[in-house]
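Protein sequences appear in the order of chains A and B.
In terms of the working numbering, the first sequence opens at residue 1 and continues consecutively.
In terms of the working numbering, the second sequence opens at residue 1001 and continues consecutively.
Since the hints were made in silico from the structure, they are not lab data.
Keep in mind that a hint or two might mislead.
With a straight-line cut-off of 27 Å between C-alpha atoms, the simulated DSSO-like cross-links for lysine-lysine are [said to hold, decoys possible]:
(1) Lys-46(A) with Lys-1075(B)
(2) Lys-1103(B) with Lys-1075(B)
(3) Lys-1117(B) with Lys-1080(B)
(4) Lys-72(A) with Lys-1080(B)
(5) Lys-1075(B) with Lys-1047(B)
(6) Lys-1103(B) with Lys-46(A)
(7) Lys-1117(B) with Lys-46(A)
(8) Lys-72(A) with Lys-1075(B)
(9) Lys-1103(B) with Lys-1117(B)
This structure is a prediction, so every number in the text was calculated from the model and none was measured.
Here's the letter readout for the chains.
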Amino acid sequence: MEHFNRDAKMTLCGTISDYSETELPKGINYLPRLITLIHYRFVSIKAFATPFVMDAMPEFLAEMTPLVTSGKIVYGEEFVDGFAKLPETLLTLFDGTHNGKKLIVRAD
Amino acid sequence: MIDPPMGGPTIAVVEESNHPDFESGDHIQTWSGWQDYAVSNGSDIRKLDPDVAPLTTALGPLGLPGFTAWYGMTKVHDFKPAGSLVVTGAAGGVGSTAAQLGKLRGYRVVGVAGGAKKVDFLENGLGLDGAIDYRRPTSRSRYGALCLTGSTHFSRTSVDRFSPC
């Protein structure tokens, strides 16, 4: 936040690493400093959540499908066989041990 | 009475259909959650064409993670056509897509992630202009050096706890 430029724009789409937290983090409270920096830098923060904007899906697919199929946008996948491994696999999403999108594949 | 299944988008094959838009054998993306079989009235499913894109992309760059990245980069702020973009959670599904969109749109893109492996992926795998390991205390000066130019846009996908990185 200290390195934001003036009039910077910040888009907030989720805070998954905090979803499971039940307590505030221990240690120094940076919130007052953060608010001050937002003011000093005139930062615009806007948030959104996809369930409320699904009507933009066709426009997204029209722009992104050729970018993905042509390889201009690359992506990671990991396959896990079997529903039985689901619980342990789900937990790796929150501890930083996985890269990119994880897929669960049901064994036939 | 059992609880509903764990939620989340899935890819499935139509086994049987009385709906005019779907027939058995069709590949679809559903919101039926994690279960072997489900029934739909057709309103919450989307047909997928495996000849257009690999089916699994409907859960990745052409699914919710990609949509989140695209929407955040396209519809939320009126970004200037040039400048610096900082993406946190940049090695993940949403962040890596947002970072690549940023590169394609001509921004100077700096990614933030946790660990040397992810930083290497950002710099050498995605070809970003810079990457920062938020777990390393030494990254504070690098942060300033990497973000000097232009207006900084910040697409935030994970929490860095506002530590002075």
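Right, here's what the structure says about each hint:
Our distance criterion of 27 Å between C-alpha atoms is met by Lys-46(A) and Lys-1075(B), whose separation comes to about 11 Å. In summary, the hint linking Lys-1103(B) to Lys-1075(B) is supported, as the alpha carbons are separated by about 17 Å, within the 27 Å threshold. Annotation: proposed proximity of Lys-1117(B) to Lys-1080(B) is violated, straight-line Cα distance about 31 Å (limit 27 Å). In summary, the hint linking Lys-72(A) to Lys-1080(B) is supported, as the alpha carbons are separated by about 22 Å, within the 27 Å threshold.
Of the supplied pair hints, the one linking Lys-1075(B) and Lys-1047(B) holds, its CA atoms being roughly 25 Å apart against a limit of 27 Å. Distance check on the hinted pair: Lys-1103(B) and Lys-46(A) sit about 21 Å apart at the alpha-carbon level, within 27 Å; holds. With a CA separation close to 30 Å, the supplied pair Lys-1117(B) and Lys-46(A) exceeds the 27 Å bound. For a cut-off of 27 Å, the pair hint linking Lys-72(A) to Lys-1075(B) stands: about 21 Å separates their Cα positions.
The straight-line distance between the Cα atoms of Lys-1103(B) and Lys-1117(B) is roughly 21 Å, inside the 27 Å bound, and the hint therefore holds.
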